[in-house]
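With the hints as extra help, turn the sequences into a complete structure.
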Amino acid sequence: MKIKDHFLSQEEFELIETETKGVFKTSPIPSNISKYYESEDYISHHQDTGSLKEKVYKFLQSFNLQYKKTILLDRIKKDSKVLDYGCGAGEFVKFIENDFETFGFEPNSDARNSAINKTSKAKIIDDLNSIANKSLDAITLWHVFEHVENQSEMLDMFHSKLKDKGILIIAVPNPTSYDANHYKEFWAAYDVPRHIYHFSKNGMENLISKNPDWKLRKIKPLLLDSFYISMLSEKYKKSPLFWLKAVVHGTISNVKALFNTEFSSLIYIIEKR
1 MKIKDHFLSQ EEFELIETET KGVFKTSPIP SNISKYYESE DYISHHQDTG SLKEKVYKFL
61 QSFNLQYKKT ILLDRIKKDS KVLDYGCGAG EFVKFIENDF ETFGFEPNSD ARNSAINKTS
121 KAKIIDDLNS IANKSLDAIT LWHVFEHVEN QSEMLDMFHS KLKDKGILII AVPNPTSYDA
181 NHYKEFWAAY DVPRHIYHFS KNGMENLISK NPDWKLRKIK PLLLDSFYIS MLSEKYKKSP
241 LFWLKAVVHG TISNVKALFN TEFSSLIYII EKR
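Just so it is clear: in the sequence shown, position 41 is 41 by the working numbering, and no numbers are missing.
Do not rely on the hints blindly, as some may be mistaken.
Distance ranges between label pairs, derived from CB positions [what the hints assert, rightly or not]: (1) 12 with 133: 40 to 50 Å; (2) 215 with 133: 18 to 28 Å; (3) 51 with 134: 44 to 54 Å; (4) 152 with 255: 32 to 42 Å; (5) 79 with 10: 45 to 55 Å; (6) 113 with 17: 32 to 42 Å; (7) 107 with 12: 41 to 51 Å; (8) 58 with 110: 12 to 22 Å.
Derived from the structure by calculation, the hints contain no laboratory data.
As the structure is a prediction and not an experimental result, all values here were calculated from the model.
Glycine included, each C-beta is placed from N, C-alpha and C at the ideal position.
Quick look at the structure:
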């Protein structure tokens with residue numbers, strides 16, 4: 001399947017299935033991939049502009065943040081050690097820093113500085129060696145794992161940092177959802193080449209099941225993602241009334257997923273063996 005970078009470069013890339021059935025990789029991966037992130041619009045939803053769009057986003061974001069924190073509290077105790085890997089501008093670490101001993105890892109200097117300025121208790125780092133092995137109760141990756149090329153190495157590293165029975169939480173878009181099938185090559189969550197890997201629900205289950213170090217405990221949806229992804233997809237299609245169409249198709253996606261579990265984005269709760 002060929003997908004265009006609708007967001008920035010307009011270049012075309014191909015999705016190729018890997019040796020793990022249901023997991024696809026973007027091809028080719030540009031050697032200078034950092035330039036594909038060089039746009040203020042890519043992180044604009046983290047900025048406080050005061051606009052109505054920003055206020056609506058922040059309002060909906062608060063529900064998502066509470067939902068994510070609840071997932072942690074269902075699995076680990078308060079004051080446990082949590083690492084948010086790829087914490088970006090620090091919204092999630094700021095939200096949970098009073099409940100947990102919180103670390104945020106962010107390699108991008110601009111985003112990292114924003115997180116440092118935003119948080120008061122969380123420790124924002126750029127070197128995972130500063131975290132001792134077997135010291136963490138949970139590691140979260142909210143729409144980060146699809147950006148990581150050396151995934152096998154990263155899973156090994158996460159395993160070494162977690163305590164026994166520690167929890168790894170990975171949220172990724174689902175290319176077998178209704179909205180992905182509806183928008184096809186315009187589906188915004190393909191986001192090539194920034195998204196290096198693409199995981200169907202079966203693909204992620206296959207990836208985890210073949211790794212003896214991990215046990216998949218639960219899969220949960222990110223319900224609001226279908227609306228946001230649909231809105232971006234409608235924009236890429238240059239649709240009039242894109243926001244209204246996004247509400248319609250985001251709702252259809254969630255309703256259908258109530259029966260087939262193929263939500264637009266899925267959260268995988270994985271336990272260290």
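Verification of the supplied hints:
no., hint, in the structure
1, 12 with 133: 40 to 50 Å, "holds (42 Å)"
2, 215 with 133: 18 to 28 Å, "holds (20 Å)"
3, 51 with 134: 44 to 54 Å, "holds (45 Å)"
4, 152 with 255: 32 to 42 Å, "holds (36 Å)"
5, 79 with 10: 45 to 55 Å, "holds (48 Å)"
6, 113 with 17: 32 to 42 Å, "holds (39 Å)"
7, 107 with 12: 41 to 51 Å, "violated (27 Å)"
8, 58 with 110: 12 to 22 Å, "holds (20 Å)"
Hint 7 from the earlier list is the only one contradicted by this structure; the remaining hints agree with it.
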